[in-house]
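Sequences are here, hints too, so could you generate the full structure?
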Amino acid sequence: MKKTWLKISIISILGLAVLAGCAMGPRAESIPGISADGDSVYVSYRQHVYKLNAKSGTESWRFPVKASTAVMLYAPALVKDGKVYVGDLANTLHNLTADNGTETWSSLGAKGWYQAKVAIDGDLMVAPNTDRNVYGVNLDGSLKWTYKGNFAFLAEPVFVDGKVMISSQDHELLALDRETGEEIWSAPFKGGLVAAPLYDPTSGLLFAGSLGKDFLAIKPETGEVAWSFKDASDVSSIWSTPILIKDQLIFSDEAGSVFSVNPETGALNWRVNAGGDMIAGPLALEDSFVLATEDGVITRYDLDRNPIWTKTVDGQIYGTPVLAGDVFLVGTIKGANILYAFDFKGNQLWSFMPAN
Amino acid sequence: MWDTLIIQPFTNVLLMITMVVKNFGVAIILFTLLIKLLTYPLTAKQLKASAAMQDLQNDPHYKKMQEKYKNDKERMAQEQMRIYKEKGINPFGSCLPTLIQFPIIIGLYQSIMKAMAATPLELSSLERIIYPFLDPTKILPIQNHFLWMDLGQPERLVLFGFGVPILAIVVVLTTFLQTKVMTPPTSQNDQAAAMTKSMNLYMPVLMGWMAYSLASGLALYFLVSNLATIVQYAAMGKVDWSGILPWVKPAPKPKAPVVVIEDDDEEEEPVVEPEKTVKPSARSAAKKQRPKMKR
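These protein sequence lines are chains A and B, in that order.
For the first sequence, our numbering gives the first residue as 1, with consecutive numbering after it.
For the second sequence, our numbering gives the first residue as 1001, with consecutive numbering after it.
Hints in this document: simulated from the structure, not taken from any laboratory.
Treat the hints loosely; a few may be bogus.
As the list claims (entries may be wrong) - Straight line, CA to CA, 30 Å or less: simulated DSSO-like cross-link-like pairs of lysine-lysine:
| hint | chain 1 | residue 1 | chain 2 | residue 2 |
| --- | --- | --- | --- | --- |
| 1 | A | 111 | B | 1114 |
| 2 | A | 80 | A | 190 |
| 3 | A | 190 | B | 1138 |
| 4 | A | 334 | A | 311 |
| 5 | B | 1138 | A | 148 |
| 6 | B | 1114 | A | 230 |
| 7 | A | 334 | B | 1114 |
| 8 | A | 111 | B | 1138 |
| 9 | A | 311 | A | 55 |
| 10 | A | 219 | B | 1138 |
| 11 | A | 144 | A | 111 |
| 12 | B | 1063 | A | 190 |
Have a look at this one:
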């Protein structure tokens, strides 16, 4: 009997140790958070933010210098006036000096994770958090206001005419007062919104899609629906932000379908299928756009949806490619590298895998 | 394979419960209880086998056999197997149900982790394993707020300005309680007993640490699982309350079956009589009345 209990205890301990080993520290699997500023690229991945040279891929600095299992970073960094703003999964916002990566201040107010890129307008930074709050933060790190929602906020905010537009998983797009954080209006969708909306100053409309398979144009003044996309009945979940190129509004869905519509009316111009599942959104590239499917296939299309070139990388792509000058970047997971840089002709310039 | 057979069905059941009760915390509680209920036959079998094994190991004659053949491992193993066979004891009877339950427990743990998708990547992964007859837009996102907890974050209840890990403390206490009531009394000088005792201390600490540092949805699962296990054992009358309540007297030990060992020197044949009680002083008298059994 004693031996039996001993065996059970040992099995239990081993099992729990396995489970514990898998899950200690902030529990999350996510994709590299990529952003760019001039000739610099910032990558948030696991325990560091890396600053890289966009031309060569060489590492300038990493933050924090010494890795800690308690800190994980996946949110793309925002660079503004020589400062880097990035949140981590240990509920902290960091303010770093862009030149050397030294920390100027950190803010510990949140209870959840920062997964989205923060947005700055003037002296206000807006930081969405998974603790169901959106924080309005002064640029010295002090809290200005808090908006309390019902679900985790995962998308970057957008400033439009004194309002903060933020996608909510609570099946709505919200407009908050920039000064107070109070809700001005909410526009209902059929599913949760996990990507930032796009604002088009020309048409004066906001565009966003949801996991409920709908794609709407919203009037930023009132939150009214200007039009909803109805020209295709087989749209699947929309996980990414649309793009605008030369009067074409282009958005993609999870099944790999890409739609070009008229931004004024929502009428369909054309559709094309990228050939694979696609969480990543399209990237506008001069008079063309780039699509990246989950299986690592990157294709550049012209505005008539004709493929220009196709490349394949080792790894899975879940993040929208990012433009950095005359280079664009693709983040991957489960591959040999976490980042690939291409020129517009599709030549791979460099790849990056953090050295220990 | 693992995902299709274990994780996907578990996660979908968990999501269906969430759809019905509209609360992920309550869904975790109900789902854990459901799994406990489904694995109850295995738990009962395990307990029965454990009890039979314990009875046998408490038998002085069995101990004598072990002592006699302590230098002849092969012979001792033969004797043990013979006794197991004659008494209908499966030596793995208590371990096998545990091993069968283990994938279920891991599956339960992983499905709770899966359902608490916190990043877009995890959300996408969750959305893709939802069965076609369920509408993801009606399920996602999952409301992670339960009582004072965000089930996706480690739990802290702010009291007087301090974040107190109430759930982790309760998990430590219930794990300790569970190990105490489940572990039968053992001889204190035995090395194995000492190890078991130390494990019983490490387990609550380990579980407490996990409840402290992991998402509170998992800590909630640990708590409900502990309580359900204690209730299951109590319902089966297997709880040794004397282990935790000093004023409760230990239950009288069950009368162990007589095990008669084979003794080559005395040319005595092995006999097992499950119905007889252990009365060492009466053993010789009993032996005279027993029929001899050929090996």
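Hints and how they fare:
1. A:111 to B:1114: Status holds; Cα separation ~21 Å.
2. A:80 to A:190: violated, 35 Å
3. A:190 to B:1138: Answer holds: residue 190 of chain A to residue 1138 of chain B is near 9 Å, not above 30 Å.
4. A:334 to A:311: Judged against 30 Å, a Cα distance of about 17 Å means the pair holds.
5. B:1138 to A:148: holds, 22 Å
6. B:1114 to A:230: violated, 33 Å
7. A:334 to B:1114: Roughly 19 Å between the alpha carbons, so the hint for residue 334 of chain A and residue 1114 of chain B holds.
8. A:111 to B:1138: The given pair, whose Cα atoms are some 26 Å apart, holds under the 30 Å limit.
9. A:311 to A:55: holds, 19 Å
10. A:219 to B:1138: Given pair residue 219 of chain A, residue 1138 of chain B holds - Cα atoms ~26 Å apart, limit 30 Å.
11. A:144 to A:111: Roughly 16 Å between the alpha carbons, so the hint for residue 144 of chain A and residue 111 of chain A holds.
12. B:1063 to A:190: violated, 71 Å
In this structure, the hints that do not hold are numbers 2, 6 and 12, in rising order.
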